[in-house]
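Enquirer: Go by the hints and put chains B and C onto chain A.
Protein chains in written order, with numbering that gives the first Met the number 0: chain A, 0 to 256; chain B, 0 to 256; chain C, 0 to 256.
Rather than coming from a laboratory, the hints here were simulated on the basis of the structure. Certain hints may be false.
Identical copies go unnamed one by one, so any copy, or any two together, can satisfy a pair.
[To be verified] Simulated crosslink set (DSS-like; lysine-lysine; CA at most 27 Å straight-line): (1) Lys10 to Lys156; (2) Lys39 to Lys10; (3) Lys156 to Lys216; (4) Lys58 to Lys191; (5) Lys242 to Lys39.
In this text, all values refer to a predicted model and were calculated from it rather than measured experimentally.
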Amino acid sequence: MITLTTDFGLKDPYMAEMKGAILTINPNATLIDITHEVEKFNIRMGAFMLASAAPYFPKGAIHVAVVDPQVGTQRRAILVQTKGGFFVGPDNGVLMLAAQAQGIEHIYELSNPKLMLPQVSSTFHGRDIFAPAAAHLDKGVAPQEFGPEITDPVTPKFAAVEHKKGVLFAEVLYVDGFGNAVTNIPQKEVSKSDTVEVNLHHVSLRLALAKTYAENKFHEPIALIGSHGFLELALNQGSFAEKFRVNAGDKAQVSVV
Amino acid sequence: MITLTTDFGLKDPYMAEMKGAILTINPNATLIDITHEVEKFNIRMGAFMLASAAPYFPKGAIHVAVVDPQVGTQRRAILVQTKGGFFVGPDNGVLMLAAQAQGIEHIYELSNPKLMLPQVSSTFHGRDIFAPAAAHLDKGVAPQEFGPEITDPVTPKFAAVEHKKGVLFAEVLYVDGFGNAVTNIPQKEVSKSDTVEVNLHHVSLRLALAKTYAENKFHEPIALIGSHGFLELALNQGSFAEKFRVNAGDKAQVSVV
Amino acid sequence: MITLTTDFGLKDPYMAEMKGAILTINPNATLIDITHEVEKFNIRMGAFMLASAAPYFPKGAIHVAVVDPQVGTQRRAILVQTKGGFFVGPDNGVLMLAAQAQGIEHIYELSNPKLMLPQVSSTFHGRDIFAPAAAHLDKGVAPQEFGPEITDPVTPKFAAVEHKKGVLFAEVLYVDGFGNAVTNIPQKEVSKSDTVEVNLHHVSLRLALAKTYAENKFHEPIALIGSHGFLELALNQGSFAEKFRVNAGDKAQVSVV
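The shape of chain A in the complex, shown without the other chains (with noise of 0.2 Å):
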């Protein structure tokens, strides 16, 4: 099983050049799209797509992520074999936040041409260098045959939460379709609360920590631990996000009451 998360689109036909190469290789192989709309060159919203997604998949499941803004350069190709599973990509970071939540065993730079198309370009080595990894890892070729053992990946710093007197110093990690605003607060920081005071760039909301989104009235704003354990900015049936002008990377200061 394959997956399968990028910064394509689904307009353009690079995905499916990419599920081509996988194919051709290896055509039993099971392909499950994660999401191709990663905002362009975002490599922490890649890697956050990815590391939400992947614990629901089997053992096993190998999964490829491009987005890769230094395709063609020096950058690195790697396999990263987990305690769970295989991650396919470039080796800028995207690929880490997701392994290391599954403990990484060894980590294979990829260079062998062998397993990689004939030719190779210089602009997309999702179709010409992962895809075709991926589906030779499937077939089961053993991961060092890909190449050599490395030590020193790249691993992208995700903002940690600092506590000041009492007051969490957060950001908003990620606002999804609905315009929830997921936080980098895990629920353990806010487990024995029943409200918490949420101090954004320009607003100060006072939320009640509910259990799920329809608590509150019908577009009133609310918080609660999302279905990935963080805490989250809702509202009811609407798009906090739009109301309260929220984007990623915004900073929030919050406080159990």
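Expert: Frame of chain A, contents of chains B and C only:
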């Protein structure tokens, strides 16, 4: 075979998490997307989408639909067994238009925790309850294993056409991506005519009842029976809805001429 | 293996109805989306998408493409057998760019009603004629069973580059989701150079001919040979098309410097 209809969009990882949950339980499941772009929280549109597509799937197919603004509240989770297959989702009507068309045999409440994910969030039953139910059902678990039979499902009323003095008082059910306005007027109401007069809120049109879109001049309006058997208002190679500012839910008065 | 290229979008249930129709006839079919976001009614763009992706699929793959503004009129439905596989769709040119590249062997008109859905609408041949044809073909029905051979398919002219006094008079074939402007200038026309001068309708640029997007500074323009072998104009991590207001169809005059 399992189909998926949601309002999750394709940007977020939610749809992929559902697929991962299914494939973890049943790695051999065949998954087909109907759409993930139902308008957020629009149960009627989800019901219409599912009812449009379900008749074209093989007998025995399992259809999961998640448009679920009341997730985590007292609203029930259900499995509907019909003469043609199975429907899994919230008990808010989203399943019922399609299920009724196939002939409902039994409805069960999804309440057996052994057939859910080990941890059930209060915000994402698509992943934690509906996806596992579909996966287990596809593997052969009997419908009655999921919970007690119920007989009082929530059933939405879909607008019926009214007749007054030879005028059909109708409604635009749906505007598709081409800008075609699909009404709730079934073929039989207009089948004896070759012209219809259509009154929308701000425009009156006398339209030839054509067989297909290309029968009128480029960008000229036309009426026809669409592929689901309803009267549809269209432009040849253009958007009727944009030209005449028509939205789903708009009233239409139609006379056969 | 069956691929699908349409202008149906992902919001409507049409693409799913096609898949259901295929799977009802042939439950074991492997279905791969190339794209459903071809610009509505844009046959040339559909042809370009299909021709971009088809070479990466296995020999014998069946490619269905539906961009079909003349559906229900006298335009024919065809099946093209090539040295590499099969193409199914309307006889309006959408199949021909990809099919010609593989070497056409035979073209058959789809006219055998036994290999269509029992009821054929006049507005949705994708579901009622093309999907069933692909499903039956994938199951092993011989191409000549579908209808009589024809020899006069509609073949669109794709813009060829003209040379005048050392200047290439070219055209932007396509603007991709990253904002890269793909021209119709093949690699061989510029392969001996390291700089090109590009004149678009309102701007003149002298660009280094690079190997990949990241070779210039952030948000600076660059020219390169894209992954399909054509000269492409790009920004490093930005949208060339947006910055220089370029659209598909725009003329470009290019000189090798």
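Enquirer: Could you run down the list of hints and mark each one as holding or not?
Expert: Here is how each hint holds up against the structure:
For a Cα distance limit of 27 Å, the shortest separation of lysine 10 from lysine 156 across copies, 23 Å, qualifies, whereas the shortest one inside one copy, 31 Å, does not. Proximity of lysine 39 to lysine 10 under the C-alpha cut-off of 27 Å is found in both arrangements, the shortest distances being 13 Å within a copy and 12 Å between copies. When the C-alpha separation of lysine 156 and lysine 216 is checked against a cutoff of 27 Å, the pair qualifies only between copies, where the shortest distance is 24 Å, while the shortest distance within a copy is 38 Å. Taking CA atoms no more than 27 Å apart as the test, lysine 58 paired with lysine 191 passes in neither setting, with 34 Å inside one copy and 50 Å between copies.
Proximity of lysine 242 and lysine 39 under a CA criterion of 27 Å is satisfied in both settings, with 25 Å inside one chain copy and 16 Å between copies.
The earlier numbered hint that this structure contradicts is number 4, and it is the only one.
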